[in-house]
Amino acid sequence: ETGVTQSPTHLIKTRGQQVTLRCSSQSGHNTVSWYQQALGQGPQFIFQYYREEENGRGNFPPRFSGLQFPNYSSELNVNALELDDSALYLCASSSRPTSGGPGTQYFGPGTRLLVL
Amino acid sequence: GQQLNQSPQSMFIQEGEDVSMNCTSSSIFNTWLWYKQDPGEGPVLLIALYKAGELTSNGRLTAQFGITRKDSFLNISASIPSDVGIYFCAGRGAQKLVFGQGTRLTINP
Chain A
1239 ETGVTQSPTH LIKTRGQQVT LRCSSQSGHN TVSWYQQALG QGPQFIFQYY REEENGRGNF
1299 PPRFSGLQFP NYSSELNVNA LELDDSALYL CASSSRPTSG GPGTQYFGPG TRLLVL
Chain B
317 GQQLNQSPQS MFIQEGEDVS MNCTSSSIFN TWLWYKQDPG EGPVLLIALY KAGELTSNGR
377 LTAQFGITRK DSFLNISASI PSDVGIYFCA GRGAQKLVFG QGTRLTINP
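Chain order of the listed sequences is A and B.
Positions 1239 to 1354 (my numbering) are the ones given, in order, by the first sequence.
Positions 317 to 425 (my numbering) are the ones given, in order, by the second sequence.
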């Protein structure tokens, strides 16, 4: 077990709604990264947070946004949900800041989002 | 953009057999990682490789970082039923990991 926790485990939403996913990082880790994993694919990088600021972003539209809190936990928010947003959303924590490259990333169990 | 190609996409083997899978990239990565993902779970780190040419073992698992820093392989010896799952390679870039598509391993009893 990595010590990274995510909530909720499963979620069903309808198109156009908004969703918030939560992640608690492993003790001692100050960097949180979010990934989207579509069925049958490898995880795709959404963005990373370090010291409560976004520090690197993948090819995802602005309706994907996030927050990091002083205790290093993080939220992923997705607005105006689309059917293609259905996926497993993974959070990973690491102990190094991004300027030196992400440290070894440890993943949580993920949140399975289904958009109808 | 950066992309990793894993092969094979799937493997069907008998328990006790050795397994080999590899991963290639069009870009250079300074760190290669191998993860295993079970159904409904997040990826779990198996092996991390930091130096070109490095050969690292973790129990029955052995991985090597290619000299060109554009490829890596993972070997599993004497497979057992709990080895079933999807294996992902990942290259570590700035701020992110770039994953391959995965190799699905199925073991016939």
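It is worth saying that the hints were derived from the structure and are not from the lab.
The structure presented is a predicted model; accordingly, all values stated were derived computationally and were not measured.
By construction, the Cβ of each residue, glycine as well, lies at the ideal position given by its N, Cα and C atoms.
There may be inaccurate statements among the hints.
What the hints assert, rightly or not - Some chain B residues near chain A, calculated using beta-carbon distances under 8 Å:
#1 Glu357
#2 Ile396
#3 Phe415
#4 Gly416
Evaluated hints:
1. A cut of 8 Å between beta carbons decides the hint on B:Glu357: the least distance to chain A is about 5 Å, and the hint holds.
2. Because the beta carbon of B:Ile396 sits about 21 Å from the nearest beta carbon in chain A, more than 8 Å, this interface hint is broken.
3. The restraint placing B:Phe415 at the interface with chain A holds, with a minimum CB-CB distance near 3 Å, inside the 8 Å limit.
4. Interface hint status for B:Gly416: upheld, as the beta-carbon distance to the closest one in chain A is roughly 6 Å, under 8 Å.
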